[in-house]
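These protein sequence lines are chains A and B, in that order. Start counting the first sequence at 1; every next residue gets the next number (the UniProt record's numbering). Start counting the second sequence at 1; every next residue gets the next number (the UniProt record's numbering).
Treat the hints as calculated values from the structure; they're not laboratory data. Some clues are possibly wrong.
What the hints assert, rightly or not - Computed from the model, here is a short list of chain A residues facing chain B with C-beta under 7 Å: (1) K86; (2) D91; (3) K154; (4) A156; (5) L191; (6) Q196; (7) F245; (8) N318.
To be verified - From the structure, some residues in chain A lie toward chain B, with a derived Cβ separation under 7 Å: (9) A58; (10) I72; (11) W284.
Yeah, the Cβ is synthetic: ideal placement off N, Cα and C, and Gly gets one too.
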Amino acid sequence: MKRIWKYINKYKWYYLIAILSMMIAMALDMFNPRLTKIIIDDVIVGGTTEILWKLLLALIGITLSRAILGYIKEYLFDIASSKIVKEIRKDLFDHIQTLSFSYFDGMNTGEILSRLSEDVDNVWHALGFGSMLFIEQMIYFIVATIMLFTLNWKIALLSLATMPLIAYLAVILEKQIGEVYEKISDQGALLNTTAQENVAGVRLVKAFARERYEIEKFLNQNKENYRLNVKQADIWAKYHPIIEFLSNAISILIITVGGLLVIKEDISIGTLVAANFYTSMLIWPMRMLGWLTNILGQCNASLKKIDKIFNEKPTIKNAENPITPKFVKGHIKFENVSLEYDGVKVLKNINIDAKPGSTIAIMGTTGSGKSSLVNLIPRFYDCTGGRILLDGIDIKDIDLNFLRNQISVVMQDVFLFSDTIEENIKFGVKDTENVDIVRVAKDAQVYDFVMEMKDGFNTIIGERGVGLSGGQKQRISIARALAKESKILILDDATSALDMETEYKIERAIENRNEITKFIIAHRISAVKNADEIIILENGEIVERGTHDELLKKKGKYYDTYFEQTKGLYTENKEVV
Amino acid sequence: MAKNTVRQDEKLNEIVKRDIIKRLYSYLKPYKFEVFQVLVLMGVVIGVNLLNPYFFRLGIDEYIANKDIKGLFLLGGLVILINIVSMICSRWRIKKMARITNNILVTIRHQLYEHIQKLSFEFFDNRPNGKIIARIIGDVNSLNNLFTSSVTNLIPDLVTLIAVVVIMISMNLKLALVSLVTLPFLLVFMFLVEVTCRKRWQLFRKKNSNMKGYIYENFSGIRVVQSFAAQDKTSRGFSEILAELNAAFIKAAKASDLFWPLVEISWGVGSVIVFWYGVKLLNTGEISVGLLVAFISYISMFWRPIMNLSNFYNNLITNMAAAERIFEIMDIKPDIEDKKCAKTMPKIKGNVVFRHVNFSYDDNEIVLKDINFSVKAGETIALVGPTGAGKTTIVNLIARFYDVDSGEVLIDGYNVSDVRLETLRSQMGIMLQDTFLFSGTIKENIRYGKLDATDEEIIKAAKAAYAHDFIMKLPNGYDTDINERGTRLSVGQRQLIAFARALLADPRILILDEATSSIDTHTERLVQKGIERLLKGRTSFVIAHRLSTIQNADRIFVIDDGRIKEMGNHDELMRMKGIYYNLFMSQFKFLDNKKAV
């Protein structure tokens with residue numbers, strides 16, 4: 001809640017003017033019955049028709065001003081609340097972006113989507129419609145209470161008799177309904193996630209002909225959603241009618257007990273009639289209290305969810321006085337690096353010295369820790385033991401953005417944005433004017449197939465690059481990394497979907513970049529054999545290292561792989577040559 | 001249809017307003033009886049609310065004036081009693097209405113989801129995922145108020161309105177007509193505002209959908225964003241999207257907020273006209289003072305329901321855009337559907353025949369040209385060729401992900417387009433280029449291949465896919481939770497799990513589309529052995545780039561430019577010295593350039 005005030009404070013003028021027009025409109029409203037009364041008493045009954053036009057003009061004046069003021073009020077509330085919500089959304093979005101990989105490992109995109117859209121919408125509802133209603137009813141309540149007290153304090157106390165009970169019920173209602181709303185909000189996130197996975201995995205669903213299962217799965221969650229919403233309605237049904245009853249009871253109290261006072265000649269009958277009029281003004285805000293509590297409960301539940309994200313701190317962040325080196329050579333050194341993840345030792349005692357411009361190739365069985373190793377360089381995760389140095393400086397001391405700007409990563413899991421190919425390639429480029437798209441496209445073997453497309457580089461590709469083959473997607477993501485022109489390049493199994501020839505050409509183009517330090521994870525011998533050092537990982541440990549020739553001589557794991565991959569080739573070769 | 005990106009507004013086929021309303025109301029129809037009950041309950045509540053002031057006046061005029069304390073408290077007791085009745089009715093009403101509304105929402109969402117499942121890949125490929133989700137969740141949610149308010153406001157207000165008009169006419173026709181004079185103006189203005197409103201709310205919905213698309217895409221790709229340190233860039237992008245969304249909202253609100261003042265003005269001016277005309281009639285002696293006073297008290301009773309109705313109408317217009325977006329999707333006809341007389345595919349033996357198959361995706365570029373082949377049950381076929389040659393397309397046609405333009409695809413003599421899709425695909429094991437895992441445990445993910453599989457079967461499949469060992473090393477073994485797409489696992493591990501999933505399905509035809517690209521050679525060999533053991537005698541199609549993966553195939557199809565250029569086993573093709581030979585030999589230079597030179 002505190003967080004919200006900060007935003008509201010920024011737009012307080014909108015709210016103040018809106019409230020002011022609201023109050024003027026309310027005050028004008030008070031004249032209406034009086035004017036009507038004069039028309040009836042003096043003009044219709046009394047027959048003084050000559051003042052009629054003045055009165056009617058006044059009525060029209062009041063109506064017009066009320067209409068205009070009402071419009072201003074609603075419009076300002078709309079503007080202020082939408083602007084606040086825009087800022088909350090922006091800040092939440094920016095905040096989530098700062099969180100670390102480990103946060104996203106445990107978070108589904110559907111849930112993030114839910115928080116940023118539905119939950120923020122709930123806050124919006126409360127800030128716009130809710131707060132307008134609240135202020136309006138508060139004013140009515142205060143005016144009516146003051147009026148009642150000036151009339152007669154006994155009557156006034158009487159009219160507030162059920163108020164504590166109503167307030168108490170409202171508090172319980174808020175608590176109970178808030179709990180359900182929290183569940184609804186989580187269920188909404190689940191619905192989002194299920195729908196999102198189904199849509200994202202549609203190929204798999206269809207391949208396994210699991211449409212019916214998926215529909216069933218969604219229907220179950222849909223029903224759970226139904227159950228929760230009905231539960232919310234039931235709580236509402238439990239308290240709201242009581243609150244309504246208690247507010248109606250005020251009038252009954254006034255008439256009976258007040259009537260008693262009149263009979264005992266404690267108060268006049270005129271006072272009672274007037275009191276009855278003001279209590280009717282009092283009853284509305286009390287009834288509305290139920291509604292407001294409902295809106296507030298929902299808003300609070302969502303705010304809690306939002307707050308939880310805001311309170312999430314990035315695990316990987318800058319040191320207190322981060323270093324921003326003037327010049328980077330690209331010397332990467334692993335010193336006794338180890339990594340533990342979920343209690344499992346993923347990497348043990350890794351020592352690597354990658355000189356500027358050198359190429360380090362990493363091979364190893366599935367799950368041996370190859371990706372984990374390279375993920376430490378741009379600090380996607382922090383190592384739990386040892387340290388990694390860039391040009392002799394511990395990377396934890398270097399400004400995070402600066403560090404990541406020095407490194408281009410092509411991940412094994414290709415992700416492209418639904419945008420043009422050109423925009424995708426330029427994604428990491430800061431200086432978009434001076435980037436040679438054609439050159440990187442040629443180097444990454446993207447140019448030819450893109451030029452065959454009708455719209456060339458302006459071709460729009462679908463989300464995650466649907467419409468392109470796996471190999472084409474990989475090549476674009478390589479082009480994207482090359483366009484960034486950084487000192488360190490990491491290819492994490494980035495050529496797996498390419499045919500050998502394409503892979504070879506790309507490797508060549510990369511090798512030619514002498515000023516770049518390269519880390520290459522690959523499965524094919526052809527992709528790693530020219531590296532300055534080849535590292536074989538197994539169970540998080542380096543079990544073999546050396547150049548291609550050295551490793552072949554060793555006749556170890558590398559040799560086995562080499563043999564396996566070239567089996568056919570050698571025999572064929574002998575036959576043919 | 002052209003692809004839509006997150007920043008572009010969706011194109012929308014406009015549906016006529018009347019049709020939308022009709023369709024919305026068709027959802028209420030099954031609940032006729034319940035709606036009737038709700039209305040009766042509401043009648044009681046409204047009735048009590050109307051009675052209250054009457055009783056109060058009675059109390060003041062009859063009992064207090066006559067100092068009848070006993071009578072006064074008796075009356076008080078009676079009023080409390082009827083208010084308790086009203087309270088109970090109100091409780092029932094809320095409960096009943098909530099069930100009706102939420103049932104309808106479940107139905108709509110379910111129907112929409114069911115329909116989306118039938119749609120072909122094109123539908124999914126052309127829109128960002130976030131935008132599809134926005135329709136299933138957000139747009140359906142926004143219909144929530146509509147149904148509740150249509151029953152609890154529309155009908156009671158209409159009834160009140162008609163009753164008041166009847167009373168007014170019965171009192172004095174001329175006065176009644178005069179008091180209705182501003183109504184046509186109001187309707188015309190409302191109509192004008194409505195047209196604008198509707199367009200603007202449509203735009204707002206589109207922008208809202210853009211926002212969801214953007215959020216979804218940004219956070220699915222957050223690893224890329226962070227690795228490129230591009231947070232500032234995407235943050236700017238999001239700001240732009242938000243600014244557009246906000247502008248669209250304010251524009252819509254500007255028009256929408258006019259509804260209330262319009263009614264307010266009509267009300268005020270309408271009353272003034274009645275006063276003026278009433279006094280005139282009074283002067284001519286046509287009406288009595290009492291009648292005019294009584295008539296005036298009805299004016300606010302006439303305008304209040306109109307105000308409520310206009311609120312409802314405003315609500316309807318605001319949410320119509322959401323309904324429109326839902327129905328638009330429901331109206332898309334699925335490209336690939338079971339024929340009416342579709343047969344059940346019997347147990348597949350595995351003979352696959354392509355006869356003069358031609359195919360193109362967007363009817364511009366022909367992807368497959370006159371493909372002919374015949375595969376015998378049990379054969380392993382490798383598809384080789386450059387990227388974009390049409391390898392994936394061929395296997396897509398076997399599973400009927402797309403329909404051929406001309407020619408036939410036959411499995412055991414059955415044309416794939418004549419059999420029920422589910423019975424066809426459930427017998428195939430298809431491993432796609434892009435491995436997809438669901439959030440959930442590893443066990444659940446493997447079980448996806450066979451929903452009623454026992455734990456033993458799952459472990460057996462995992463062992464065959466060589467996934468068992470690494471799964472057992474995870475903290476919770478098979479019960480380890482993986483999040484969407486399995487981001488915690490390496491791509492190779494994900495592929496192994498996907499393998500286990502495909503094996504568990506015990507497919508009659510196995511299709512591997514670059515399914516082992518991220519698995520190391522050693523593991524790959526082990527996986528292959530597992531497959532051979534488990535799926536002996538099944539037809540399989542393999543697309544791969546590592547030639548060691550391909551060599552052992554019974555036959556190799558060399559695909560280039562949408563045609564099968566060569567066909568035969570490794571030895572035969574090597575002897576042919578054609579494309580395959582060149583492809584194979586050229587690797588030599590990549591592998592060992594010292595020797596090749």
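Please write out, lowest number first, the hints stated earlier that are contradicted by the structure.
2, 3, 4, 8, 9, 10, 11
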